[in-house]
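Required output: the full structure, derived from the provided sequences and hints.
2 protein chains.
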Amino acid sequence: MSAAPAASVALEALRRNCAEVPLLTLGEDTAPYLTDHRRLYHGQALAVALPRSAAQVSALLACCHSLGIAVVPQGGNTSYCGGATPDESGQQLVIGLGHMNRVRAIDTANYSITVEAGCLLAHVQRAADAAGCYFPLELGSAGSCQIGGNLATNAGGLNVLRFGMARELALGIEAVLPDGRVFQRLRSLRKDNTGYDLKSLLIGSEGTLGIITAATLKLWPPLRRRATAFVAVADVAAAIALLAQLRAAAGERLHSFELLPRAAVELACRFIADTRAPLDGAHAWYVLCELSSFVDEPLDELLQNALVQASSLGWVLDAALAASEAQRRAFWSLRETIPEAQRRAGPGVKHDISVPVSALPAFVAEASAWVRREVPAGTLVAYGHAGDGNLHFNINWLGGAAAADVARQEPLIRRAIHDLVVAHGGSISAEHGIGRLKVAELQHYTSPVELDLMREIKRALDPKGIMNPGKLLAP
Amino acid sequence: MSAAPAASVALEALRRNCAEVPLLTLGEDTAPYLTDHRRLYHGQALAVALPRSAAQVSALLACCHSLGIAVVPQGGNTSYCGGATPDESGQQLVIGLGHMNRVRAIDTANYSITVEAGCLLAHVQRAADAAGCYFPLELGSAGSCQIGGNLATNAGGLNVLRFGMARELALGIEAVLPDGRVFQRLRSLRKDNTGYDLKSLLIGSEGTLGIITAATLKLWPPLRRRATAFVAVADVAAAIALLAQLRAAAGERLHSFELLPRAAVELACRFIADTRAPLDGAHAWYVLCELSSFVDEPLDELLQNALVQASSLGWVLDAALAASEAQRRAFWSLRETIPEAQRRAGPGVKHDISVPVSALPAFVAEASAWVRREVPAGTLVAYGHAGDGNLHFNINWLGGAAAADVARQEPLIRRAIHDLVVAHGGSISAEHGIGRLKVAELQHYTSPVELDLMREIKRALDPKGIMNPGKLLAP
Chain A
1 MSAAPAASVA
11 LEALRRNCAE
21 VPLLTLGEDT
31 APYLTDHRRL
41 YHGQALAVAL
51 PRSAAQVSAL
61 LACCHSLGIA
71 VVPQGGNTSY
81 CGGATPDESG
91 QQLVIGLGHM
101 NRVRAIDTAN
111 YSITVEAGCL
121 LAHVQRAADA
131 AGCYFPLELG
141 SAGSCQIGGN
151 LATNAGGLNV
161 LRFGMARELA
171 LGIEAVLPDG
181 RVFQRLRSLR
191 KDNTGYDLKS
201 LLIGSEGTLG
211 IITAATLKLW
221 PPLRRRATAF
231 VAVADVAAAI
241 ALLAQLRAAA
251 GERLHSFELL
261 PRAAVELACR
271 FIADTRAPLD
281 GAHAWYVLCE
291 LSSFVDEPLD
301 ELLQNALVQA
311 SSLGWVLDAA
321 LAASEAQRRA
331 FWSLRETIPE
341 AQRRAGPGVK
351 HDISVPVSAL
361 PAFVAEASAW
371 VRREVPAGTL
381 VAYGHAGDGN
391 LHFNINWLGG
401 AAAADVARQE
411 PLIRRAIHDL
421 VVAHGGSISA
431 EHGIGRLKVA
441 ELQHYTSPVE
451 LDLMREIKRA
461 LDPKGIMNPG
471 KLLAP
Chain B
1 MSAAPAASVA
11 LEALRRNCAE
21 VPLLTLGEDT
31 APYLTDHRRL
41 YHGQALAVAL
51 PRSAAQVSAL
61 LACCHSLGIA
71 VVPQGGNTSY
81 CGGATPDESG
91 QQLVIGLGHM
101 NRVRAIDTAN
111 YSITVEAGCL
121 LAHVQRAADA
131 AGCYFPLELG
141 SAGSCQIGGN
151 LATNAGGLNV
161 LRFGMARELA
171 LGIEAVLPDG
181 RVFQRLRSLR
191 KDNTGYDLKS
201 LLIGSEGTLG
211 IITAATLKLW
221 PPLRRRATAF
231 VAVADVAAAI
241 ALLAQLRAAA
251 GERLHSFELL
261 PRAAVELACR
271 FIADTRAPLD
281 GAHAWYVLCE
291 LSSFVDEPLD
301 ELLQNALVQA
311 SSLGWVLDAA
321 LAASEAQRRA
331 FWSLRETIPE
341 AQRRAGPGVK
351 HDISVPVSAL
361 PAFVAEASAW
371 VRREVPAGTL
381 VAYGHAGDGN
391 LHFNINWLGG
401 AAAADVARQE
411 PLIRRAIHDL
421 VVAHGGSISA
431 EHGIGRLKVA
441 ELQHYTSPVE
451 LDLMREIKRA
461 LDPKGIMNPG
471 KLLAP
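Here the protein sequences come in this chain order: A and B. At position 462 of the first sequence (counting the first as 1) the number is 462 in my numbering, and the numbers step up by one without a gap. At position 230 of the second sequence (counting the first as 1) the number is 230 in my numbering, and the numbers step up by one without a gap.
One should not assume that every hint holds.
No copy labels: a pair is met if it fits in one copy or bridges any two.
In the DMTMM-like style, the derived pairs of lysine to aspartate or glutamate whose C-alpha atoms are separated by at most 20 Å in a straight line are [said to hold, decoys possible]: (1) 218 to 456; (2) 464 to 452; (3) 218 to 168; (4) 218 to 107; (5) 458 to 441; (6) 218 to 297.
Simulated from the structure, these hints should not be mistaken for lab results.
Here's what the structure looks like:
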């Protein structure tokens, strides 16, 4: 990367070449863009640009490319990995996409919608609903994250089991390349074999290869029925047996399959008001599972029969079917408040890992044993999207601990857990991406061939290295 | 690309550096590898190498890279676009993957299978069946095409509506890069956000960025029920209305939705023995639709109810539900013999196009009117996977025509049809890819930005241009 120009020169050039793009430079205006969601990073910025069109993004990038100004694209600023936060140099331009927030088109006969990057996820969901369709991406942060960020990070969430990750939901994208060229491919086709899959390459590249400015997304018919159960299971192996049974009994109707240890339920009940455990008694593990259907059919009956059968096989120890929408929401609310309960419980360490579903029982057993042995003061709270093999393998210090103490232990814990993940054929970042947080981890666990391949592509598309430097790939 | 070495020097180097890899050089041995499936291209080769492992592919590519020997990867040699056939120079090395044909692993709890590139598609399907699972990729050529070629070309086929293209079925791949490096990423994870999506980039790159040597694929539970109907519809708009209704009524159970004009049914009945029209009377358009389910449920009833309703709305004019597996096979056999019937009917021109499903009625109307006006001697036989917006928009000269006459008209027809496709937001290659056949078409219809981006990636990964030169991208 060439040396960055002096801030005054850079700002002057941006003001001259991109006169129509609002530029924030005052501290009070830029502050919300400079700290990440988890408050791990506090950066500085040359300015924050708020373009309203792909043409404006193009003008910004062309100028930054010619001058060697580094760029940090930012959507709703909800990255868990510091992926959208500028560094401390004050030389990086943050480009916020929030002002590009139109729904450009919706085609119900083709089950597709075209939206700009700055649309809130919740806004996309509502636009689909209003047209009598369903857009299945679902994250806890739906009200604040933006669809452009969801695509840039290939977001996962609660409905991956049935509908796939964000990449699988996109039919086409519009993106501005690092030198300002606009890649226009907002096709709404299910089948299109005309050349390399540039869309999939840009999706999930975390703003290091370009800026996604719009996307055409798949829609589905509206969901007409849901059936939801909170289930106590004997252990992780029983949960996985139940998963296979539900998949065979319900097929694609299996919508979500979340695993929760007792510690997670207890944390939510202790720290979050109006939360209580759905089942009496204490069990080691719970499953929150949901079926859904596009047609009007007796899903409760299907789920109940499957659970009775699983109970007769010893996998299910107790279960509660949601008898109302309010009860269903209560089950989900318990699940969704776990991150907040963990925050309130004090310092902890987090991992966003996945292994093949078949390896989950062995992985959880080995990793739990390691935590009990090596981190005796820590409580393991490993919960998450077990149906996808994805667990948020977190440790809390419920007896209290100094943040500095926890931080000191974190590298050792991380290495041990990630070593086990990789030994089981798993991933050190299932859905949160790499951002700034996991650059060294990616470096450590990825083969030299794969890292070189990524660097070769990065160099080909962004030869000056201006796009989100310091994120995803080590320099 | 650097100048190729003399054939004798190249062969000598390959024999020395890759002594363990069988090399065919006799005309009688190499002949089957030199002509494409449609007999459009007749090439020559330096030799045909038949490696048995990724290490052997690696040795071959390292040698070819260092000497500048061009390489043509070949699976089952069933490309419709000449994508696997060497050019006429006699300087290209064909690498046949057919000897790498092991099933490496199957993990039923994780619903995944790992296979080598040279496995026949039918072999992968049978291995999944034998393990109590289902692998949904389905092509007419399943008994001769290889899974490596299916992935290299992102194959589509009959089940895309429910399960997606080949790219969406792959969890991981192993591939040898142009310089011989092995990219190992045979993970079987549903969620893995660790860097660029190199897998999707290599899949569908038609052997121009590397050679896929193995893949880990998604499996599903076995299908327990199917319901199949052959339906007469008023017109293409009625077919699309029926599609939306079936999607709403059956959700993901909608497995296939094929559109056939009367001319296609008549051709099959005339040229293929033991084929007869499933419905009495003559209708302008037919739909062959199928529902399937992973669970034991009354699909026939569901399909019948939907068709009765569609009939009351005037979309469906007549319908036959398959009452037995034999009848179901007869419906499908009629559909699958159309390409053979077209071959027997004499010369013709073919297009593999897609448009958004919502644009199909207007596109078919406009393109048909053009054909009637400009190609009065031709009969339009536009049939295919309408549920995905994909039609094989073919024209036959049923009154007889000299092949040379047809060939003379082909460029004009192709340009007119493809212009209309693009005007409707469609693709000039929905599922067959580009190969050698459509290089000029891709060049004509793709934006300079997108072509440049593809070339930049090609140069980064294959700087010497040895991988399948002359295919996909113009030099």
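From the Cα coordinates, with 20 Å as the cut-off, is the pair residue 218 and residue 456 best called within, between, both, or neither?
neither (31 Å within a copy, 29 Å between copies)
From the Cα coordinates, with 20 Å as the cut-off, is the pair residue 218 and residue 107 best called within, between, both, or neither?
within (10 Å within a copy, 30 Å between copies)
Intra- versus inter-copy proximity for residue 452 and residue 464 (alpha-carbon distance at most 20 Å):
both (17 Å within a copy, 17 Å between copies)
Homomeric proximity label, residue 458 with residue 441: Cα distance no greater than 20 Å
within (19 Å within a copy, 28 Å between copies)
Since the copies are identical, ignore which copy is meant and state whether residue 218 and residue 297 lie within 20 Å (CA to CA) inside a copy, between copies, both or neither.
neither (24 Å within a copy, 27 Å between copies)
Measure nothing new, just compare the shortest in-copy and cross-copy C-alpha distances for residue 218 and residue 168 to 20 Å and report within, between, both or neither.
both (9 Å within a copy, 14 Å between copies)
Hint compliance for this structure: hints 1, 6 are broken, all remaining hints hold.
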